[in-house]
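Trainee: Knowing the structure of chain A, use the given hints to seat chain B on it.
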Amino acid sequence: MRQDRNRDLGPFVPREGDERIICRCEEVTQGEIRRAVHDGMYTMAEIRRYLRCGMGLCQGQTCSRLVAGIVARELGIKPAELAPASSRSPMRPIEMKVWADEETDDSKVRRA
Amino acid sequence: MKRYDLIIIGAGPSGLSAAIEAAKRGMKVIVFDENARPGGQLFKQIHKFFGSKEHKAKIRGFVIGRQLLGEAEKAGVEVRLSATVIGLYPDKEVVVREILEPEEGTAGETSAKEAVFHYKGDAIIVATGASENMVTFDGWTLPGVMGAGAAQTLMNLHGVRPGRKVLMLGSGNVGLVVSFQLLQAGCEVVALVDAAPRIGGYGVHAAKVARTGVPFYLSHTIKKAEGTDHVTGVTIAQVDSRFQFIEGTEKHFDVDTICVAVGLSPMSQLLKMAGCEMDNSGKGGGQIPVVDESGATSVPGIYAVGDVAGIEEASSAMIEGRMAGIRVAEYLGFDDKAGADTAFDQNEKALEGLRQGMFAPGNRGKKIEKTEEGIPVSENLLTHGFVADDEIERYPGVTHKAGVHPVMECTQNIPCNPCQDACPKHCISIGSNITSLPVVLKDSACIDCGMCVSSCPGQAIFLVNEDAGPGKATVTLPYEFLPLPEEGDEGYGLGRDGSRVCDAKVVRVRSSGAFDHTALVTIEVPAEYAMKARFFVKA
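One line per chain: the protein sequences are A and B, in this order. Numbering of the first sequence is given in the numbering used here, commencing with residue 4 and proceeding in unit increments. Numbering of the second sequence is given in the numbering used here, commencing with residue 5 and proceeding in unit increments.
Chain A with its partners taken away, still in its complex shape:
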């Protein structure tokens, strides 16, 4: 869903709750997310790259819904109208040394 980028959102007005942390993993506040929309970040992908919210330990499992709600309200649209961010591997946080360590010998896996 494409957002009209020429739309006038009006000035950024601080609001109660702006200090509140929304993305716990990356410690991003409601105010930062709202301001990012006024800075021109209209999609979840842009917000994610701009602020890193949803890119921490939980990979947005807790906050992406909350972030989408804030962004949608700022844009005056429904959260469902906001395109979700893309999903790609690794789906869970993983150390680089593990990710890069591809095993071919399956017999080494510890059996449950």
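Think of the hints as simulated: they come from the structure by calculation, not from any bench. It is possible that part of the hints are untrue.
Stated by the list, open to error - Which bits of chain A does chain B cover? Going by a derived footprint, with three or more residues having C-beta under 8 Å, they are:
#, stretch
1, 14–27
2, 58–70
3, 87–97
Treat the numbers as computed from the prediction; the structure is a model and nothing was measured. Where a beta carbon is used, it is the ideal one built from N, C-alpha and C, also for glycine.
Mentor: The following block gives chain B in isolation, referenced to the frame of chain A:
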């Protein structure tokens, strides 16, 4: 790269069920789960499930989990635990992070070595489930604020009490069931709060919490959690029809724990990554894949079942899993169409049976005024968690007669009927429509065996003797708290609202194996409280 006929991601109720059906048909199946234990959320469900015999009704969730695991093992399903799937590709390749067996000579090594493995399946079933939603309020990041499911994991899997005094936000079935389990774990639940004007979960789940004395605050939500390094209190306030706080309605509670049960979101990212067509309308609780009745996504050979394909509950997840397992076996030629159709139709019927009644998916958000029988629903049950004394007599399970007889305070049409089969004297009838309210048959002879009381997953059946000696009545109630009261204990009878209504004395305590940990406590109360006293506390 290792190949399997079928790779299943998630060893919860739907994933295991799918694995069983596929393996039974001769497929080589592997199930990956990122957790150290299988069963998904089943092993923390210590309550008895609703439904019919086919849905494993009146069996506790963790027992169903054990049965599923046993069945999977017998069918030859390989279950790989602590195995996190980090990628799923359209050509049905799965990338998994797994723990390696420590090599010889590295016995002193403490941290387990991990590595990434690749697998390829001819078919994939994604059964990754859902995660808990959160709401934000001032102080929501303080230690002590947690998901209700997290509290349940602490209590029921790890034996850790999450706190002493708890406020629960959310009156859906998760909020109601976990509140009861918190009480069972010895916590004090100071309030059950929901921003909605009506209770979202089953009335019977609410009623068993309310009768212990937990107050319900509907049209209320949390304003702030208090404390500096952990929760020490909470302030709630009333909200108007647009969910805005109403000034001056604040209420404070001293608590150390706040549980949040405000719904679940499907963990569907793997499906999106694999290129499956997604539905972002929010109707399934979040982003869900577009699937047909067998769980098939838009990518041939990739299926999705259980909560990841739309939030429901464990019983329907298990059936959906079986349906997908059957179709996958047919898709890859392990079963012929006729055989698959028969098995599939059977499960589809069972699933339809579960999706009936007031809480059916199609009724979500609707206000229902009357039961299927045309009886007005209890407004008090929806707003305060209990059926008022002047409402209870209008339901068909609530009758009067001489001697001991069942009183069934079942007032909403839900797909559940174990009580009908529980009575050896056939006193109770629901009929062929599984959502009908239970009826006590007129000419039946109750023998006070208590099987109906213990069979009711909603703990809504009582055995009442309205004339148990001069001026006395007895009430037998289901009791799932420890320590059990003892014969001769004196105390109080609590009303449906949890208030002390009369003096009460325990005259009998039964806890046979057939009751499956639902003890039957019989209290003697003044005759006029026979239809009012519904719980007991020791003086």
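Trainee: Now, for every hint given, state plainly whether the structure supports it.
Mentor: Each hint, compared with the structure:
1. 14–27: holds (count 5)
2. 58–70: With 6 residues close enough to chain B, the hint holds.
3. 87–97: holds (count 9)
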